[in-house]
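K.L.:
Sequence:
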Amino acid sequence: MTASQHMVQANGLRFRTMVDGPAGGEMVILLHGFPEGAESWSRQVDALAKAGALAVAPDMRGYGLSDAPGRVEDYRMNELVEDVAGIIKAFGRTSAHVAGHDWGAAVAWYFASIHPDMTTTLTVLSVGHPAALADATAQDKDQQERSRYVALFLSEGKAESVLSEEDHRRLRAMLGSAIPSTVVDHFVRSLSRPGRLTAGLNYYRANLARNRTWTDLRRDVIVLAPTVLLWGDQDPALGRLQAEDTARHMTGEYRLEVLEGAGHWLQFERPDEVSRSLVDAVSK
1 MTASQHMVQA NGLRFRTMVD GPAGGEMVIL LHGFPEGAES WSRQVDALAK
51 AGALAVAPDM RGYGLSDAPG RVEDYRMNEL VEDVAGIIKA FGRTSAHVAG
101 HDWGAAVAWY FASIHPDMTT TLTVLSVGHP AALADATAQD KDQQERSRYV
151 ALFLSEGKAE SVLSEEDHRR LRAMLGSAIP STVVDHFVRS LSRPGRLTAG
201 LNYYRANLAR NRTWTDLRRD VIVLAPTVLL WGDQDPALGR LQAEDTARHM
251 TGEYRLEVLE GAGHWLQFER PDEVSRSLVD AVSK
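Counting in the working numbering, the sequence shown runs from 1 upward without gaps.
Worth flagging that the hints you see were computed from the coordinates, not collected in a lab. Nothing here was measured: the structure is a model prediction, and the numbers come from that model. Do not rely on the hints blindly, as some may be mistaken.
Claimed, not checked - As a list, the in silico DSS-like pairs of lysine-lysine whose alpha-carbon atoms are at most 27 angstroms apart:
no., residue 1, residue 2
1, K50, K284
2, K89, K284
3, K50, K89
4, K158, K141
Work out the full structure, taking the sequences as your base and the hints as a guide.
P.N.:
The structure is reproduced here in C-alpha cells:
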C-alpha cells in the first residue's frame, strides 16, 4: 500500500501527516524523535494499513513540512501532548493507539497519562517510563555516561554548529548505518532548512535543565492503557536500568520486550518485530 500526505490543523499549527489504511480502521498515531521525521515509521505504516488499521505518522512540530514555532517554550511537553490530541481529533477520532520512539516516546508517555480516555494502547520504543529514566539518570553512572550528549544539545548555537559542520557529519553519524542513506539524506535536508535544527534541539531545551538532563522529566505519570516497551539491549543512549525499572512504575497491563542485539533505531533495525507489536496491539 502507498501512504498519502495530509496537512491537518491541530493546537494552532499545521502538521504534515503520512497516512495509510482504511478510513474506518482503528487509528494508530506514530510519533518520531530526534533527528527524524514521519518517514521513520514507513515500514510500520505499511504493515498497519495491511492489517486494516488507519496509520497516521505526523512530522512533529518543528520537523519536515509541519509548522516550526520559533520560541524555545513552544516545545514544552504540554504543547507537544496537545499536538497529538489535536491530530487525533483532526481525523475525526476521540481516541487512538499511541506509539512513539525517542522524543516521540516521551511525548507518548505523557499523552497517555494526561489523556487516558484518548489512549487505547501505548507502545513505546527505547524510552522507559519518565520516572524510571529520571531515576536512572540521577543514580546510575552508566546512564549518566550515555546521556552526556545532552549537555551539547542544550548549548544554544554551539550544538547547531557542531551538528551542521562538514555536511552534518555528526548528525549523519548519529543516525548510523541501520537507516538507509536515502532516508538519512531526507532527514538531513529537512533539518538543513532555516530554523529546523534549532527546532529539533528545542525539545531538549524546553524540557530539560542544564546539569540535570532527564531528571527534570520525573513527574507523576500514571498510565492506565495496556503498554509495551520495546528496548534494544545495544542502545547507546538508553540503558538497561531505565528499561527494566519501568515495571516498577506501572500499575496496569505492561510488558517489556528486549530486542537482543538491537540499538536505538528500532523501526529500521527490527522493523518486523516493531510492526508485529503494533499490529498485535490493534488486534487485541
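K.L.:
Indicate, hint by hint, whether the structure satisfies it.
P.N.:
So, going through the hints one by one against the coordinates:
1. K50 x K284: This hinted pair holds, its Cα atoms lying about 16 angstroms apart.
2. K89 x K284: holds, 23 angstroms
3. K50 x K89: OK: K50 and K89 at ~23 angstroms, within 27 angstroms.
4. K158 x K141: Status holds; Cα separation ~26 angstroms.
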